[in-house]
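Based on these hints, arrange chain B on the given structure of chain A.
So the sequence lines, in the order shown, correspond to chains A and B.
Numbers in the numbering used here are just positions in the first sequence, counted from 1, shifted up by 926.
Numbers in the numbering used here are just positions in the second sequence, counted from 1, shifted up by 43.
There could be a bad hint or two in this list.
[Said to hold, decoys possible] In silico DMTMM-like pairs for lysine to aspartate or glutamate, Cα to Cα no more than 25 angstroms straight-line:
| id | chain 1 | residue 1 | chain 2 | residue 2 |
| --- | --- | --- | --- | --- |
| 1 | A | K1038 | B | D119 |
| 2 | B | K167 | B | E212 |
| 3 | B | K446 | A | D995 |
| 4 | B | K675 | B | D705 |
| 5 | A | K1038 | B | E164 |
| 6 | B | K684 | B | D741 |
| 7 | A | K1038 | B | D643 |
| 8 | A | K1019 | B | E201 |
| 9 | B | K383 | A | E1007 |
| 10 | B | K478 | A | D1010 |
| 11 | A | K1019 | B | D148 |
| 12 | B | K330 | B | E299 |
| 13 | A | K1019 | B | E291 |
| 14 | B | K391 | A | D1010 |
| 15 | B | K446 | A | D1010 |
| 16 | B | K469 | A | D990 |
[To be verified] Derived contacts from chain B toward chain A, CB cut-off under 10 angstroms, selection only:
| id | residue |
| --- | --- |
| 17 | V224 |
| 18 | G230 |
| 19 | S308 |
| 20 | P361 |
| 21 | Y363 |
| 22 | A395 |
| 23 | W411 |
| 24 | H412 |
| 25 | F477 |
| 26 | A484 |
It should be emphasised that the hints constitute simulated quantities derived from the structure, not laboratory data.
As the structure is a prediction and not an experimental result, all values here were calculated from the model.
Where a beta carbon is used, it is the ideal one built from N, C-alpha and C, also for glycine.
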Amino acid sequence: MNFSFGDNPYKTLGVNQNATEGEIKHAYFNRVREHSPERDPEGFKRIRAAYEKLSAANARAETDLFLIDDQSADINVSTLERYDAEPQPITLKMIESDLLAVESILLLEELKSLA
Amino acid sequence: MTKKNKKAAPAGKIQPADLVKRAEEALRFKRYDEAIQWLLRAEVEVQRQESKNGNRVTADAGADELPTWVRVLLADAFFVRALTVSDLHQRISDLEEAVKRDASDGRYPLALGVVHVAVGEAGKAVEHLRRAGELLPDNRIAERAWVLGSLASGNTREVKDWFKQQPQEKLDANLHRLRAVRELTLGNPDAAAALLACPSQAVAGSSVSDGASRQSGAVGVLREVNREATVYDRLVCGLVSLAAGDQEQALKRLAELPRRRENVSPAERVAFAMHLFYRGASYFQAKHFAEAATDFAEAHRLAQSLELKLSWLGRLVPYYHRAAEELFATDINQSIECWKLVLEIDAKDKAARANLDVARRTEAGRAWHDGRYERAAELWQESLKHHPLDETLLKNAAIGCEKTGHQDQAVTHWRRLVHLWRPQLKSRRDDEQFKKQFLRAEKHLIDLMLEIGTPIEDVQKEIDAALKITPDNKELRRLSVEIYLGRGRPQQALKQLESLERIEGESVELLLLKGVTLGMLNRMKASRQVIERAYEMEPTNLAAQRGYLLVLGEESSEAHDKDQLEVAAKLCEQQLKIDPRYRPALSHLACLSFHLNDPDKARETIARIIELDPTKAENHVVAGSLYLEHDKTREAEAEFKKALALNPDADSYRRIGESYLDARKVKKALQNFDRAAATGSFETLMEIAETLHDADRDRDAERFIDLAIIKDPEHPLPHLIKASLHVNRSEIKKASEELAAVERLGAGKAELREFVDEARSLRKMLQQMNELERRLKSVEDMPGPGRMPPELLRLLKQLR
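Okay, chain A solo, but in the shape it has when bound (with noise of 0.2 angstroms):
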């Protein structure tokens, strides 16, 4: 496997992923100066990688397309396609219906016993 499923960069640098090169700069600076090296060497270094599998075109190229497009996995219910009917309320006449259907299946079973 030469390319790795690791972070999402553009989450990372909270851009979105149609971002200009110059806007990625500028979140990428902004990142920077709340985790700076000295504060949060850890944190500068996931901005760092992040930035660099940006920066470069082809790195960006690259990037974009082993990026799992995960953008639906926000989505609410509000989204939903709504479906007009609403259930039945359940009936007498439903309840009944159905009984005698039940029935009948029995009563055939036991006309088997006539065969």
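Frame of chain A, contents of chain B only:
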């Protein structure tokens, strides 16, 4: 049968009586379809003969009854088949056939009426059930069926009168349930509950009527019923509470689902399924959506297994939709299952399809994020079945499959994706990022295809297709060169190399590759020029240096062969200027110096070889070999001794043996080979055998091959070599035996496939040899004027 009739029957036609016998035989073994086929044929035949003979089939004794017997038997066959098929409409059709043929048997209208009730056609049932009642007076099943039909068609008053007339002891559990259903029909759920003696009488607000309490004796009957009845009783009890509007009690009763046994009857399964449906509905009302969805799904599965059109199945869809929506945030997998089930009921349900797609993608994304890669890949692949051209899904599925080790599937998805992307390249020519991604994807696909062992022809086709779209894809062109060279197709490789040169200009790497390719095409001069150019372009480049040293070495050898010894020596000096430690050049120069009568220079050069690393046995063997070649036996043996002192292993003995063999001192060579064989590995033994074979000493070689077989009895290589030695000596039978050993040892082992393939091609050759031999023999033996001229015969023998 009359003699006349027998004669009249066309050849191959079976008489009705025989058809009936066959049908009876089929019925005995419960092959109802077959029995019906025979009887239908018999029926047609009987009708044909009746019309021909004026309604008389035959004049045989007892044959008068045959038409009636055919009809009766056919009616019975339809009846028994109707009771076994699961499709209710098929049942109706069979029972109608039965009724049509035998109107005197009450079982047929009885069954037909009941099936009509089961499919909700109560109107059609009434007449059949009335007729059944007439034909089967005092039959308990017929009576129950009549009550059922009457209730289904709304004749509750008649049913009430009938119940009034029945003696108490006649009212069994089955009739009590029907009576309870009647009470429900009349809107008296409490009375129904009382009739059934449900586990708790405390139905909210219920007041058991006097009429109902009078039935307590009958309740005893219900309690006494066998275990099979339990499922119906519990169901009816639960539904009675539901009908009474007591959700809590209904849920409590329905929650007590009886334990399901194996091999339950269809009727029990119907009751179970309905029980689950109503329990699900009760859970739903109580907002227990997960439990509701589970019950609905199980009810659904059970109903499907029955292939019965149950009325509540149609009511499931809105329940599934609402449950799925409610569960989306907390249990998305259950939502997925709900929408899947909706689509099983109605494949055209757009909302279910759209929401299922969203849910699958959402869950796949979450699964990926949580490290549940298998699940993510599974869901993306499921979605792909419905959206095969969705690029995002293809990419996600490809990555998911790769991550979970399903490389074959990953290749399928990557391949589809690049095939979708290829035509887009033109319209998106300004999208640099897309182009880069596309090129990377193409390369990745090819790498993966190679990794999983896709047939190289397919890989090549994929590369060619990609290069048509992106001729400037340097990576793929390089890969193509490698593949063509690997497949022994230097001409195509050269074409790719020239294209590469046009795209990226001349480079050391390309020139070296071109040199190798030209060498494979036997264009030696051009090859040398190209490699020399590579060296001139970058003399410090190690690969170019190595290539140029080889070229000079070849030129030097050629000069040596032409007896241009001084030219050859100069070329060696040129090699040593590039690399003073280049041992092949030192060896050759030492050899040339002996030939040029300059033993001092030869000795000095040999000393340089040893100085390369005096502790390395191999250098002393090379030195000894050079002395031996020029009859300096004493010096040679001294060097061999030093080599063995430094490293007395099998490899040293083998090399010394080779030196003696080169100097045609066979006895000494074999002595050293034997010493090497005493401790040598399988590989050493095979190398010795190869050396001896090259020196035309096949018999000696065979001895070492046999030792190799003892060393590794499972390896097919020694057998393959032995087979080829036998072929050379025309020992067909022995060769065949060795080839069989190769095939046996290599069978089912991928890593040994090349040996098996080789053995097969050798066997094919053997067969061709045999055929040629046979034909030659027939030509030789040909008598008379057709005989072959003696010159041609001689030629054929030579060919042989």
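Evaluation of the provided hints:
Our distance criterion of 25 angstroms between C-alpha atoms is met by K1038 of chain A and D119 of chain B, whose separation comes to about 12 angstroms. Among the hinted pairs, K167 of chain B with E212 of chain B is inconsistent with the structure: their alpha-carbon atoms are about 31 angstroms apart, more than 25 angstroms. Our distance criterion of 25 angstroms between C-alpha atoms is met by K446 of chain B and D995 of chain A, whose separation comes to about 15 angstroms. For the proposed pair K675 of chain B and D705 of chain B, the alpha carbon gap of about 14 angstroms is at most 25 angstroms, so the pair holds.
The hinted pair formed by K1038 of chain A and E164 of chain B meets the criterion: a straight-line CA distance of about 21 angstroms does not exceed 25 angstroms. About 29 angstroms separates the Cα atoms of K684 of chain B and D741 of chain B, which puts this hinted pair outside 25 angstroms; it is violated. With a C-alpha separation of about 114 angstroms, the suggested pairing of K1038 of chain A with D643 of chain B is violated against the 25 angstroms cut-off. Distance restraint check for K1019 of chain A and E201 of chain B: the Cα-Cα separation of roughly 19 angstroms lies within the 25 angstroms cut-off, and the hinted pair is therefore satisfied.
Distance check on the hinted pair: K383 of chain B and E1007 of chain A sit about 15 angstroms apart at the alpha-carbon level, within 25 angstroms; holds. Taken as a hint, the K478 of chain B and D1010 of chain A pair is broken in the structure, with Cα atoms around 44 angstroms apart against an allowance of 25 angstroms. Note on K1019 of chain A and D148 of chain B: the hinted pairing is violated, with a Cα-Cα distance of about 34 angstroms set against a maximum of 25 angstroms. Only pairs whose Cα atoms come within 25 angstroms are accepted, and K330 of chain B paired with E299 of chain B is accepted, the gap being roughly 19 angstroms.
Straight-line distance between C-alpha atoms of K1019 of chain A and E291 of chain B comes to about 20 angstroms, which keeps the hinted pair within the 25 angstroms bound. For the given pair, K391 of chain B sits about 15 angstroms from D1010 of chain A by alpha-carbon distance, which is consistent with the 25 angstroms threshold. Only pairs whose Cα atoms come within 25 angstroms are accepted, and K446 of chain B paired with D1010 of chain A is rejected, the gap being roughly 40 angstroms. Taking the CA atoms of K469 of chain B and D990 of chain A, the gap is about 20 angstroms. The hint holds against a cut of 25 angstroms.
Interface restraint check for V224 of chain B: the shortest CB-CB distance to chain A comes to about 5 angstroms, inside 10 angstroms, so the restraint holds. Checking G230 of chain B against chain A: minimum C-beta separation of about 6 angstroms stays under 10 angstroms; hint holds. Restraint check, S308 of chain B versus chain A: the minimum CB separation of about 5 angstroms is within 10 angstroms; hint holds. A distance limit of 10 angstroms between C-beta atoms decides the matter here; for P361 of chain B the minimum to chain A is near 4 angstroms, and the interface restraint holds.
For Y363 of chain B, the interface hint holds, the least distance from its beta-carbon to any beta-carbon of chain A being 9 angstroms, beneath 10 angstroms. Hint status for A395 of chain B: holds, given a least beta-carbon distance of 7 angstroms to chain A, under 10 angstroms. With 10 angstroms as the threshold, the beta carbon of W411 of chain B comes within range of chain A, its nearest partner Cβ sitting at about 5 angstroms, so the hint holds. Look at H412 of chain B: its Cβ gets to within about 6 angstroms of chain A, closer than 10 angstroms, so that hint holds up.
With a cut of 10 angstroms, the hint placing F477 of chain B at the interface with chain A holds, because the nearest CB-to-CB distance is about 8 angstroms. For the restraint placing A484 of chain B at the interface with chain A, the shortest Cβ-Cβ distance is roughly 6 angstroms, inside the 10 angstroms limit, so the hint holds.
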